[in-house]
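Asks: These are the residues of each chain, in order.
Protein chains: 2
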Amino acid sequence: MKTKLLIAALGFAIAGTASAQMKPEDAIKYRQAGYSFMSWNMGKLKGMLVDNPASYNKDQAAAAANAIAAIANSGMGALYVPGSDKGVGYKETRVKPELFTDKEGVGKVAIAFNKEANELAKVAAAGDAAALKAQFGKVGETCKGCHDKFRKDDK
Amino acid sequence: MKTKLLIAALGFAIAGTASAQMKPEDAIKYRQAGYSFMSWNMGKLKGMLVDNPASYNKDQAAAAANAIAAIANSGMGALYVPGSDKGVGYKETRVKPELFTDKEGVGKVAIAFNKEANELAKVAAAGDAAALKAQFGKVGETCKGCHDKFRKDDK
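Residue numbers (my numbering), protein chains in the order written: chain Z, 1 to 155; chain H, 1001 to 1155.
Bound conformation, chain Z alone:
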């Protein structure tokens, strides 16, 4: 877990090295892809934990939680390359300029999300739907915590 948190935190450092050559529009595409795919999996969990509990399936819930955790652990910070503060990937980026300047604030939301996402995978594997619903809520709060601070609202 500590290692995973470290990787997530380091994600932002990595941006300076390996991915520095990446085109801003590609970096924006890949991060939009990661968030979009996590949102599909959050939606599946909402479906089976909130909207229609009768549809809860342990294996499918664990698969969704694992996808969210693995994406959270993949060092997406590396995708916030210089020049990707503006521009169009799959669509226009909604990132706020603060994400590129407020390193401490970014680290806080990144580590909080990463911690809860990894806990989500752990709880999902245990198969207790009520516990998973509670942890799903905690993950959602960390998503919102970052969106409120570093993502512009849709126009």
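Check each hint, because a few of them may be wrong.
[As the list claims (entries may be wrong)] 25 Å max Cα-Cα, derived DSS-like pairs, lysine-lysine:
no. : chain 1 : residue 1 : chain 2 : residue 2
1   : H       : Lys1091   : Z       : Lys122
2   : Z       : Lys152    : H       : Lys1091
3   : Z       : Lys152    : Z       : Lys86
Calculated directly from the structure, the hints in this document are not laboratory data. Everything numeric in this text was worked out from a predicted model, so none of it was measured.
Fit chain H to the given chain Z structure using the hints.
Replies: Quick look at chain H alone, frame taken from chain Z:
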């Protein structure tokens, strides 16, 4: 592993139920997001295993492999909803009509990819770069196996 293969295979069955209400354009977006995010992680692995072996990092390689495996295990077959054989998600879908008719062929490529992707995560965790490079090649072949059969070439 068996369970994971089963989930992947069942992904296509799931399309008939939970995700039937999903708009085709959303389903196309989510599957494009999944493939796009996997390609970012395959690119990271290529960078540290093929292009610049000096940049190999066990934790980053494992994180990339885990993201690929978790996405492979997430039941993306559910995203091939009726009506998503044509249309625009983040971009126009390149899926061939055969994917919606050749259930046996689809099952074969899906299970082959899923098997090698899970093996990728296992090998990456062990930390042997040479073994990971070999497994990375096997995963790439299963990607190509599906692309050749079920994805149209770029225009």
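Asks: All hints are to be evaluated individually against the structure, with a verdict given for each.
Replies: Structure-based check of all given hints:
With a C-alpha separation of about 35 Å, the suggested pairing of lysine 1091(H) with lysine 122(Z) is violated against the 25 Å cut-off. Our distance criterion of 25 Å between C-alpha atoms is met by lysine 152(Z) and lysine 1091(H), whose separation comes to about 23 Å. With a C-alpha separation of about 12 Å, the suggested pairing of lysine 152(Z) with lysine 86(Z) holds against the 25 Å cut-off.
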